[in-house]
Each structure stands twice: as structure tokens, then as C-alpha cells.
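Enquirer: Chain by chain, the residues run as shown.
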Amino acid sequence: MTNSPFTPGIAPARLDPAALDANFSDLHPPLDDHEALVAADRCYFCHDAPCITACPTSIDIPLFIRQIATGTPEAAAKTIFDQNILGGMCARVCPTETLCEEACVREAAEGKPVEIGRLQRYATDTLMEAGLHPYTRAPATGKKVAVVGAGPAGLACAHRLAMHGHDVTIFEAKPKGGGLNEYGIAYYKTVGGFAGAEVDWLMKIGGITMETGKALGPDLTLESLRDGFDAVFLGMGLQGVNALRANGETREGVEDAVEFIEDLRQTGDLGLLPVGRNVVVIGGGMTAIDAAVQSKLLGAETVTILYRRGRDAMPASTYEQDLAASRGVRFVFNAMPVEILGNGAVTGVRVEYTRSEGKSLTGTGETFDIPADQVLKAIGQTLEGAPEALQLAGGKIAVTGAGRTSVAGVWAGGDCASGGEDLTVTAVAEGRDAAEDIHASLMD
Amino acid sequence: MADLSTNFLGIKSPNPFWLASAPPTDKEYNVVRAFKAGWGGVVWKTLGEEGPPIVNVNGPRYGAIWGADRRLLGLNNIELITDRPLEVNLREIKQVKRDWPDRAMIVSIMVPCEEQAWKAILPHVEETGADGIELNFGCPHGMSERGMGSAVGQVPEYIEMVTRWCKQNTRMPVIVKLTPNITDIRYPARAAKKGGADAVSLINTISSITSVNLDDFSPEPSIDGKGSHGGYCGPAVKPIALNMVAEIARDPETAGLPISGIGGVTTWRDAAEFLSLGAGTVQVCTAAMTYGFKIVEEMKSGLSQYLDEKGITLDELIGRAVPNVTDWQYLNLNYVTKARIDQDACIKCGRCYAACEDTSHQAISMSPDRVFEVIDEECVACNLCVNVCPVEDCITMERLPAGTTDLRTGKTVSDDYANWTTHPNNPAAVKAAE
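Residue numbers (my numbering), protein chains in the order written: chain C, 18 to 461; chain H, 355 to 788.
Think of the hints as simulated: they come from the structure by calculation, not from any bench.
Wrong hints could be hidden among the right ones.
[To be verified] In silico DSS-like links for lysine-lysine, alpha-carbon gap of 30 Å or less:
#	chain 1	residue 1	chain 2	residue 2
1	C	191	C	231
2	H	702	C	95
3	H	664	H	702
4	H	664	H	366
5	C	129	H	702
6	H	648	H	366
Extracted from the complex, chain C is given alone in its bound form (with noise of 0.2 Å):
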């Protein structure tokens, strides 16, 4: 190895291997079983628990904790998948700290609430590791419908549309379903492939078939999925990044932190995956957290974040902040880039300080360098290639009550869809209820 984290420009293996391989590991590593008694112990199995109802899927959250407590944690398993097909994945990438978590009484209590996301991993661990399917499908209804994405709305629609009876058709632009639990988490959060593992569990139900590779375009259009099955859910997210709008955004080495993600995810070596010296993240949502985090992991000698409202402002919460504060992430609060610098390749972003009047924000005018050999976008994804059809809402597909759009026999879910914050868990439930509505209106 002759690369270090001091090695000018963008470079593979900042890192040795061994150091990479810890950097990489299980951000929560899970659960013992004694430790998994421990925590669930701490649960007060409270009435109409305040965590249910912070949870988008409203998974009954004292009532697995106590199956594990009682040594049952596949009856824990089953509890949490009837609500949330994809809860092996929420137990990992959930923001817990603001959900389910930050609503425990035990938080008001003592500040320490109860590790629902370590326990529900534990659960949904124990019974996906056994290679259990608790599901079985309803009698074949002759119904068929067309989901576009594999992401978690389309796999939760998918899932309990095929337990109803009906058949299922994915289409999937990339060549693996998961959507961003497979291209978009950070690697430390869904170690060992579960993306890929929890995708094939969740198809064990039966009646759901990928295509990979197709996306909506002129080859598949939503005149044609409504001509060819009973219904249509769309779910395929947010394929555009927002530009920066700052001179030199062209520059050699400023990149989109989704498709740095998206490379990081994918790759079967980390060290082959190149760095910055000095990164700078541009954004303060989880995806610039993580582009931040994983970029000091890799080994880049210094990474900052930059956002341009304060601290309290930024969407990323104050666990997500402190992680990335305790990885030796900079922050700099209340800065916007106004030039990439360099000649060719990038050499620094001239930042201008900011100032909150209401919701506008302006620049104070006085500016400042800060090095940069890489530069990531995480300043936002919008809804690309929307059919014409589909009336909109604040750029994105406008839907009413369980992900009904404007078009008949058709419905949106997750983050394509309006409504409801950018969460893997929210788009299970928006994907989860629009199953329901669709399988009522199919059997009306």
C-alpha cells in the first residue's frame, strides 16, 4: 500500500484493508441473547404505547418486545412483519432517535429509552437467519398487478399484494431490487448483503416477479401497465439530484454523494474505491451524513459537511450528527458554496456565510477557502420522468388517502409520492397500505 490519507488528489487504499474491514463493520453490531433479555427487561409494555404510534408502520412494539422477553422471538419476528415486511431493514437504517425511540416513555423517564431497533433486529434476525417465511398466500384471485421500483414501497406493496392472492409483476430499472437499502445506506448500516438477503426472504411469499433493467420510459409506458394488469403502483423513487447552482459545478471530482453511495454499496473491494484528501459534503440531510461518514472512513484525511442554515435547522438528526462529529466529520453551520475552485480538477469550494431572515436566506458576503479534492452533492433528489398524466404536488406524485394519484387504477408510494418524510419505513407503509386499498378495489 503507498497511498495514505495524506496522498494529494482523489486515491484508492488510503487505508489498509484490516482498517478498512473495521471501518466497515455493523455500525450496531446485534444483539446476544442475553443482551437482548437485558433490553426488552426495560420495556414497561405501556397502554397504547406512545413508540407505536411513532412508528410509521405502527409495528406493536411492546408486544414483540415481550415475546423476546418470553423467549419467543420469532412470535416477536411475525408481530413486527405483519406490520412491516421490510423490518429487518428498519431495525438497521430506522432514525429510531426520532421515532420510535425519542416517543419510549423510558426516554421521558431516564433518557435512556429502550433499544427498540437493536431488539427489533434481534426479532426479525432470528427468524429471517432460520430462513422461516411466515406467510402464506390467499387463493389465487386472477388479479394482476404491476409495480414499478423494488424499493421498499414497491417490495411492501408487493409482498402483501401476493399474500392477498393477486400476481405481482416488478419492474426494476437496476439490475438488483432493495432500492436504497441496496444502492443508497450507508455500507455500516446493512453489513453482509441483508439488502440483497432480505429481497429474496421477502419473495419467498410467492407470486411476485422481477424484471430488472426496466424502468418507466417509451418501453414501458403507464398506458401500457394499465392496459396490461388490474392495477398500478409506483414507486420508484427520486432519480434526479438537484444542481448546485455554483460556478465550476463541472469541475473534475464533484460528484453526487448517491452515486458515491451507490459505488461504495456495490463494490466488492473496498480499497479500490477512490478518495479525496480533503472531502467536502455539501448538504445536511442522512444522504450527506453518510457520504460524510463513509469518506473519512475510507480514509480521506479531512471531510467537512457544509450546510447552509444552522444546527438546529439541519434534517439529519443530533445521533446522526454525533456520529459523524465522533468520525472526525467538520461541520461548518450556516455556509453555502458560491464557486468550486480549481483548474480542471477541483481544489477547494469559496464558501459565503448566510443569514436566516424567515425562511429566506441570503449571503453575509464574507467568504472563505476551504481545500477540497472532492466534492459531494447531497443538497436533495427529485421525482425524474413522472408520466405525464399524474398530477403533481410540490414535485412529486400528488396522491390522496392510501397512495391514490390522479389516475384511476393508480397509485404512488414512497419517496415519488407526496406526503410523508423520506424514510425506508415510510414508503413501507405508504407501499403496505396501498396494497390494502388496491386489494379492496380489485375485490369491490
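We have chain C already, so just place chain H on it with the hints.
Expert: Showing chain H alone in chain C's frame:
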């Protein structure tokens, strides 16, 4: 620091914390460790008559139940009396008493229900210099099937008879250890007193099966797939023991009979409760077996601090709660309380609501934003909400002052004392004096 030194039947010990007759007091090594740790006295593990040593099982002797975080709440055992030769025990008792003259040394004895057997062993024990003897009429397993232990303790006439034999054959104070495996503890206590006992100690262990193995369907502890009832002890039995101690302390026939309290004493607080109900010393076993001998430090410092804070002596604590133990019929029916929820302390778990709504009086309301409030019109003050609330002092019972209206009954609260014996609904009501 309050003085914790104790004089029980003339037996002096630096504190009232004794180790009960059990595995921790089976041999010199353990007892010396206990004395070094600060225990005030021990009741040496029960000696049997001379002859071939007792045989124990060679599989598990203990079973347990646990609370949250595997906190041991109840322990049961199928161990028998000492399985070491009598002469070895006697030699060690003598040595330890000689080395630790300021500590109480009581010797527990269990021999067949024949006068000759007791006559034979008593001189040997006396010769050790021990301070007293404790008659084991309590052990519910193994020995009872051979006509000893609780087989004696369940028949008041036998208790009286054996106690009398002992009193006639030794100068040592005689403590009779009672079994709780009877219907009314007062009868064996009265029998002990009649036989001349200097004191009673209670409770011995409660016949129990701690659990059943759901794979091989053996009771636990399992010996080759079979189980036998054992003797139950530990924190879980404390309420049973407290009641039995109190029953003896307030029974006119046994009032004043010294009591050594046993049963789930785990902290200084437990000990203080036993003392307040009339125990002159307490005996500890399960807590020591769970945490080791060092717990006596907390017991001593805690009891001492408590006495200082209350400004009372140990003697003043002993029996202090006994006058307040009464029969249900004498409880004041004009004492009206209502549950009160401290909204600042409430963590909104809703357990009070579930308990009241599902299983009690529908006296707690729940708002959409999870504010829980007591409905005075329905609250009978049962205390269940207090008991299930995970936050201490979040829900309390507050007395309605005289003159206010109890919204449940519509009656004005009176500060007069009135009980069931004079209640109009009681067909046997005694008419109040004109």
C-alpha cells in the same frame, strides 16, 4: 451512629443481623468469613444426631425465580441438614465461639422426635460454649418425611413436647424455629411458649416448586427428570413472613415472646420492618447467598442512619408497628383517599389507565395527548394505579379532608373513626353507646 448492639435472650451481638441456619453457616470457613465481614451472629446449620452423615442429592439443590434483569426474587432448596460429621461441626463451633466471643453463636438442631435423641445431643452442643440452640421444626423437605423438621412443626403438641424436653435438659436458651406450612402460625407459637421456649424464630421455608421444565416436564430443580418440593425463601416470601411475625407479636397468648425474624430480609429496610413488627433480631440467608457477606455493611449503615434520622434507639424500634396491626373490622371506614397523579413526574406510560380501565373501576381518564387524570367520582382508592406505576411517588393516595365531599359516594367526609363493627350494613353491628 446509632448503637446497633443487641441483647436477645441475654445473648449479646454487636448488631441484630444474624445469618440463618443454612448453607452459609455450615462450617467454620464460611462463618469466620461472615464474622470478618461484620455479621452479628450466626445460627449454625442444623446438626443431626450422631451416626452416618446425611446424604444430599448430587444434582441441583436450588431453584429460583427472577424479576427484571434476572434479579433473584425467590430461591428454593432441597438441601438437607448438615452432611458433615457431628463431631467436626461441634469442634468447629467451639473453635469459632472461642475466637469470636462477641458474636452470637446459636446451634440449630434436628434429631428424631424421641426424648433420648435430644438428651443425647444437647450436652455436646452445650460443651461448645454456644450461646443457644434453635430447634429446627421447619424444614419442609427430606427430613420431614423422616418425621423431623416441619413434620414436628405442623403438630403443636409435638412442638410443646420437644421444647419441654430441651428446656429440661439444657441451660441454653431455646429458640423454636417455626414452619410457615401451616394454616395459623399462632398455634405452633403458643405451643412453643407452653413448652417453655425462650423465643421463636420464623419463618422457615415454604413448600414450593419454582418452575417446570417445559421440555422434559420435570419440576425444577430437576434431578434426573424428577423434582420434589423444596423450601422457598428470598425476597418473595417477605410479606408472608412479616404477617406471621406480626400475628405472633400481637397475639395476647404470645405477646412479648421474643422473636427472631426470618424471611426475605435483603436490605436494612426489610430488617427494620421485621424489627418494627416485634423481631428482636433478624436472620438472613438468601440475600447473602445472592450477593455475598458484604451486604451486612449496607444493612448496618442503613439501619443506623435510619435510627439516627428518627431519633430512636434500636430497642424503641422493636415492636413499634405492632399496635398498628389490627383486624379488618377495625379499619377506619371514614378514611377516604383518592389517587393523585403528579403530572410533572408522569412519563405517560398509561399503565395506570390500563390497570384501572381493564381490571378495576374505570377511574382514570386518558386524553388524546396522553394526559392521565383521576376521576374522583369513580376512584375507590384501591391503590392499583400506585402499585403498577413505574415511577415512584408519581401517583399517591391523598386523604380527603373532613368536610369535603367524596364525589363517588356523595357523602361528606367525616374525621370521626367508624369501622365495620358499627356499620349499618353489618347485621352484627354493635349499636354505638347512647
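Enquirer: For every hint, state whether the structure bears it out.
Expert: The hints, checked one at a time:
no.	hint	result
1	C:191 x C:231	holds, 8 Å
2	H:702 x C:95	holds, 27 Å
3	H:664 x H:702	violated, 35 Å
4	H:664 x H:366	holds, 24 Å
5	C:129 x H:702	holds, 15 Å
6	H:648 x H:366	holds, 21 Å
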